[in-house]
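Number of protein chains: 2
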Amino acid sequence: MIPEDHPRYHALVRREKIADSARAGIVAMEGVSAHGRGETFDYLIGERTTESALLAEKTAAAMLLAAEHPVISVNGNTAALAAEEIAALQKACGAKVEVNLFHRTEERMEKITHLLEEAGVSVLTGTFERLIPLSHDRAICLHEGIGSADLVLVPLEDGDRCEALRRMGIKVITIDLNPLSRTSKTADLTIVDELTRALPNITLACRNPDRDLIASCDNMKFLHAALDEIQSRLSHALD
Amino acid sequence: MIPEDHPRYHALVRREKIADSARAGIVAMEGVSAHGRGETFDYLIGERTTESALLAEKTAAAMLLAAEHPVISVNGNTAALAAEEIAALQKACGAKVEVNLFHRTEERMEKITHLLEEAGVSVLTGTFERLIPLSHDRAICLHEGIGSADLVLVPLEDGDRCEALRRMGIKVITIDLNPLSRTSKTADLTIVDELTRALPNITLACRNPDRDLIASCDNMKFLHAALDEIQSRLSHALD
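Top line first, the protein sequences correspond to chains F and H. According to the numbering used here, the first sequence holds residues 122 to 360 in order. According to the numbering used here, the second sequence holds residues 122 to 360 in order.
These aren't lab readings, by the way, just hints derived from the structure by calculation. Fair warning: this is a prediction, and the values are worked out from it, not measured in the lab.
Listed next, with one range per pair, are the computed distances between beta-carbon atoms:
#: 1; chain 1: H; residue 1: Arg354; chain 2: F; residue 2: His224; range: 25 to 33 Å
#: 2; chain 1: F; residue 1: Arg144; chain 2: H; residue 2: Ser337; range: 46 to 54 Å
#: 3; chain 1: F; residue 1: His224; chain 2: H; residue 2: Ala240; range: 24 to 32 Å
#: 4; chain 1: F; residue 1: Pro254; chain 2: H; residue 2: Arg354; range: 31 to 39 Å
#: 5; chain 1: H; residue 1: Ala358; chain 2: F; residue 2: Pro254; range: 25 to 33 Å
#: 6; chain 1: H; residue 1: Glu227; chain 2: F; residue 2: Asp360; range: 43 to 51 Å
#: 7; chain 1: H; residue 1: Asp258; chain 2: F; residue 2: Gly290; range: 51 to 59 Å
#: 8; chain 1: F; residue 1: Leu325; chain 2: H; residue 2: Ser337; range: 53 to 61 Å
#: 9; chain 1: F; residue 1: Gly146; chain 2: H; residue 2: Val134; range: 20 to 28 Å
Cβ coordinates follow ideal geometry from the N, Cα and C atoms, glycine included.
Based on the provided sequences and hints, a complete structural model is requested.
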């Protein structure tokens, strides 16, 4: 048991959740080390939602509500960490939720779908087809889901897929703690924040969306703000 | 298969090695995410040995050769990534090698010992006792190993243990990619470099040790140099 007054309580709980979910076959082994990589970036931005990340989250809410066919793409790590937060966001913005895995097996697809449904998510089902121009299994999606989406929210995405979605003319919002990743640089909007902090902020902003934020959205500005944040924290880190 | 001309080939090979070793029961699930955390720091220092890290490695060689009872403490991640590099260093500096695990089970102890021996390491055996003042299983060590060491090289260490060893009057050299970790700040000497790059550099320096480096060793200087390196790389990262 991690004591609740531990200064890094939430980070340690998430770390344990990822390890447990890997043992349960929900998170892929590659997802465990990916979580670790993100954890370092979270530590560097101070394990909190920065002002610019909050603005990105409000922008994401406006974009989700303005889209005609928004889809939330969920992988193993997202399901393990934030099934309930996904359910709440789906209720707030009406997006479809589709499971999409890099390390895809039928068993993992079923486990993750079950976990999401238990948390109250309505998970899209149907016949999966290879619709995204990619060689790996993330190409496989549902025609009535990502296949016909005009906007996809993809937390914890890989760079290839983000590029492929954009080439298909789909708008991409990502949640990525690494402001230097290919995904971050390629997405229309990058939220540099930890998943379980970002999702409730987007959900909350859906109550009072500000459509003006869409036109003024500048992804590189968000990435620079995150980097500045890290830089300024590092400059005092050994004082 | 990862193509050898991939710009991040070595990092991807290590990532795969850690995942495979976790599936084989050598690396603990917690070790997989710890590897991910380190990977981000390596990415930030440019996945190469910096000038100051090389100086720290030369200093480590001199300290290992000057010690009376040097011990290399090996955990699951270290064995998975660098069994051969440990064997070469042991030959070069004559240190004892002891297996010490945070997530300790007899099965893992045996698997790791076997892996090291296969790579040519002479692994210390005997009756394990709880000799380090710590509540967790890293307290358990060998009287003729860490229990009577004057210097311990502990790659990929946790903060608690580093402090406990120092309180016992043992000099600690660590290899840690995070220059801000408690271990880095507590150790007598921190090598901020990736394990499989650091170990061969120490081994090489054992051929021609420079004892003057020991007296001039300033751990905080090494940490500041690593942080400066990260800062300077980040300041151009989005150009």
